[in-house]
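With chain U held as given, fit chain V onto it using these hints.
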Amino acid sequence: MKKAIILISLTILGVYLIDIFTGIGFGTQHFASGVKDAYLIGSKETLKVSNVVTSIVVNFRGFDTLGEVTVLFLASMALGGILYKKRHDVGERSVLFPSTRIVMSGAKLLFPSIVLLGAYVFIHGHLSPGGGFQGGTIIATGFLLMLITYRNYSVSHNRLSYVESFAGILFIGLGLAGYFINNSFLANIFPAGKLNDLFSGGVIGIIYVAVGFKVAAELTGIIYTVLHEKD
Amino acid sequence: MVGTPVLFIVIPLLAAFIIPLTGMVWKNSVRIIPGLVLSYMLALSVSLMWHITETGTVVEVIAGWKPPIGINLVFSPFSGFLATLMIFLGLLVWAYSYKFKRNVDSEPALKYFILLMLLVTGSVGIVLTGDIFNMFVFIEIVGISGYGLTSFYTRRDSAEAAFKYLFMGSIASTFLLLAIMIIYSQLGTLNIAEIADKMPMMSNKLKVISLIFFILAIGIEAEIFPLNGWAPDVYTQAPGPIGAAFAGIVVKSAIYASVRLVYTMFDLSGALDLFIVIGLITFIVAETTALRQERLKRMLAYSSIGQMGLVMVAFGIGTKEGIFAALFLIFNHAIIKSLLFFSGSYLVYNKKNKFIKHVNGMGKYLPITSILFTIGAFAIIGLPPFAGFWSKLAILTAAADSKMLMLIAIILTVSILEAVYYLRVINRIYFFPKKKSTEAKKPTLNALIVMISLGIIIMVIGFYPDLITGIIDRAATDLMDKTGYIKDILTINN
Chain U
18 MKKAIILISL TILGVYLIDI FTGIGFGTQH FASGVKDAYL IGSKETLKVS
68 NVVTSIVVNF RGFDTLGEVT VLFLASMALG GILYKKRHDV GERSVLFPST
118 RIVMSGAKLL FPSIVLLGAY VFIHGHLSPG GGFQGGTIIA TGFLLMLITY
168 RNYSVSHNRL SYVESFAGIL FIGLGLAGYF INNSFLANIF PAGKLNDLFS
218 GGVIGIIYVA VGFKVAAELT GIIYTVLHEK D
Chain V
10 MVGTPVLFIV IPLLAAFIIP LTGMVWKNSV RIIPGLVLSY MLALSVSLMW
60 HITETGTVVE VIAGWKPPIG INLVFSPFSG FLATLMIFLG LLVWAYSYKF
110 KRNVDSEPAL KYFILLMLLV TGSVGIVLTG DIFNMFVFIE IVGISGYGLT
160 SFYTRRDSAE AAFKYLFMGS IASTFLLLAI MIIYSQLGTL NIAEIADKMP
210 MMSNKLKVIS LIFFILAIGI EAEIFPLNGW APDVYTQAPG PIGAAFAGIV
260 VKSAIYASVR LVYTMFDLSG ALDLFIVIGL ITFIVAETTA LRQERLKRML
310 AYSSIGQMGL VMVAFGIGTK EGIFAALFLI FNHAIIKSLL FFSGSYLVYN
360 KKNKFIKHVN GMGKYLPITS ILFTIGAFAI IGLPPFAGFW SKLAILTAAA
410 DSKMLMLIAI ILTVSILEAV YYLRVINRIY FFPKKKSTEA KKPTLNALIV
460 MISLGIIIMV IGFYPDLITG IIDRAATDLM DKTGYIKDIL TINN
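Here the protein sequences come in this chain order: U and V.
Numbered per our numbering, the first sequence spans residues 18 to 248.
Numbered per our numbering, the second sequence spans residues 10 to 503.
Chain U with its partners taken away, still in its complex shape (with noise of 0.2 Å):
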C-alpha cells in the first residue's frame, strides 16, 4: 500500500517534470533580454577569454567557484573527520586480488600522461573545453590507478593537505588582491593579454590552475581515506 502511495505520487511527480521541461524549449531563441549576451560579449572584449564556459565559472560567477571548491574541501575534511582511524590502526588496502604483471606495468607507464593530460586540461582551461575540476579529477583517477594496482603505494597525507590549502590560499589571494587593487573581489589584476593567447584573460587562467591542483589533491585525499577504510 506505502509503495503504491510512492509509485503514484513519484510517477505524478514524473509527469509534471516531463510536463514542464518540455514546454520549456532548450535551446531555441525564447527570451529576448537576460544577462547571456553580456557573458558573451564581456569574454571577448572585455576578459579576453575565447572558452566562455570558463570566463563564467572563474570570472562572471567566481564567487560560486570559491563556493563549490569549499564544498569538496568540507566534503574531504567532513569525511577525513568521520573516517578517521588513529595512525597504527591503517589497515591494508581491501584489495581482492593482486594485479598482475602487465596491470602494474601499464599502470606505471599511463601514470605519467594521466597527470601530464591533466596537468594540459587545467592550463588551458580558459582556451579550450575542460578547466581545473575537469583537469584535478583525471589527475585524481592517475593517483587512483596507482592506489589500486600497488597495494603499498602511498600517498602523503601531510602534502595532500599542503597542495589543498595553499592552492586554496592562491585563490582567495588572488581574489583579495582584485579586492585591493580594483576594489571588487576577483576582479581582474594582471593585463587581459591577446585572445586565444596561453597568457590570456588575466587572473582567470591562474585561478583555473589553483582549482586544478586542489580537486586534484582533495579528491585524492578523498579516494585515500576511503580506501583505507577498514570494515
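Bear in mind the hints are in silico, worked out from the structure with no lab data behind them.
Glycine included, every Cβ here is placed at the ideal spot set by N, Cα and C.
Treat each hint with caution, since some may be false.
Rough simulated footprint, nothing fancy, chain V against chain U, three-plus residues with beta-carbon under 8 Å [claimed, not checked]:
#1 18 to 31
#2 85 to 94
#3 135 to 142
#4 173 to 180
#5 192 to 200
For chain V alone, coordinates are given in the frame of chain U:
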C-alpha cells in the same frame, strides 16, 4: 567601517584553508583561529549595522560586474540583522565548546571548529547573497558542514542521523536546482532583484511549479512540518552546542531564504495564508509531539520546530506588525533555545540516552545551570519578565490587528502544551530526588560564562525590549520595501 560584506565570506574561507597548515605547527591554533575569525566577523557586522543606519543598504558587487551580470552581496537592515545574530551565536557556540570533551589531541576535534566556522559562514552567505544560484552554493556549504558535525561522535546513531539529513538535504538541493533552472530558462537571470522585477513575465504555470519546488527545498532546511523528519534525530545525535547552532543559525538562514522568496521574488502579498496554514500545522504537530518525548534534546528539537512554525505564522500575517513579531521571535528563539541547549546538555551530561528523567534533582547539584535552564524555559513559554513574552505578545497583537481571532485562540491553546512539557522538566529538576547513579558534571568556565551572558541578555531584553525593537523595526520595514530592494541593487553604480 572595518570592511565590506564580501569579507564575511572570504576571511573565514581563507582561514579554513590556512588552519590545516598552522595546525601542523601549533595545534591550539585550530581552535583559536576560528574564534578570532568569528570575532572579526562580529565586529565587521556590528560596524556595518552602524554604517547602514546612515547610508542605507550596502550592495557590493563581485569581480567588478554590476548586477545582474555578476554576483552581489546585500547588507540591508534585514539581512544585516540576521547576519549579526548568527555570527554572535556562532561565537557563543565556539566559546561554549572551546574546551570540548574530546580535546585537541584527537584529530576529528580539529575539524570540529573549521566545520563550525564554515557552518556560520554558509548561513551568513545565504542571508547576504543577492543571487539565487549563489544561495544554492551556500546552502550546500551549510549542508555539508552540518552532515559532518552531526556525525561528529562517529556512533551508529549519529551516523544514521547524519545519513538521514544527507538524504533529505540532497533531495532539497535537487529541487532547488530544478526551481533555479526553471526560473533561469524563463527570465534569463539569476539575480534575485531582477527576477523580482521580471516575475510578471513568467507564465503562471511555471511560476507555481517553481514556487512549489522552492518551498519544498527550503522547507526541508527550515524544518517545516511534513519535511522535518531529519531534524529531531540530528538534534539528538549532534553534540549539544551543534543543536544550538542548528536551531539558532541554520534554520534561521532557511527561514530567511523562504521569506526572501515569498516576499520579494514571488511577491505573494495576496496569498500569504499559505504560510499561516503551514506554520500552524507545524506548530501544533511539533508541540504535541514534544509533549510525548522522553529524551531532553528531542523535546527541545520538537519545541524548536514548533517555534519555527510560529515564525511562519507571524510572517504569514503579512502586515508590518506580523513581520516585526516574526523577526522578534527569531531573535528571541535564537538566544533562548541556545541557552536551553547549552544548559540542557550539562543537565544530562553523563548519560548515554539523555532521558528527561536524568535531570531529576539536578537543581541541588548544578544550581546555576538549573537556574539558567529554568530562565530559558520560562522565556520560551512566554512568561512576563523574560524576553520571550514580548515576541509572543507581538504575534498576538499582530494577529488581533488583522482580526484573526481564531489564530490567537489556537496559539494560546498550544502554548499551554508548551508550558506543560517545560514545567514538567523544571519540576523534575527541583522537586525530584536525584538517583545515585547519575553524576552531575560541572560546566567548564567558558561554558558557564556563555550561559550566564545568554541568561543576562534574556533578562535585559525582558525588562528593556526597546534595546532591540528599533533594529527589528527597521529590518521589518526593509523587508516590506520590495521596490526599494530592487532599486538598491539594479541601480548600483560603483
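Tested hints:
| no. | hint | in the structure |
| --- | --- | --- |
| 1 | 18 to 31 | violated (count 0) |
| 2 | 85 to 94 | holds (count 7) |
| 3 | 135 to 142 | violated (count 0) |
| 4 | 173 to 180 | holds (count 3) |
| 5 | 192 to 200 | holds (count 6) |
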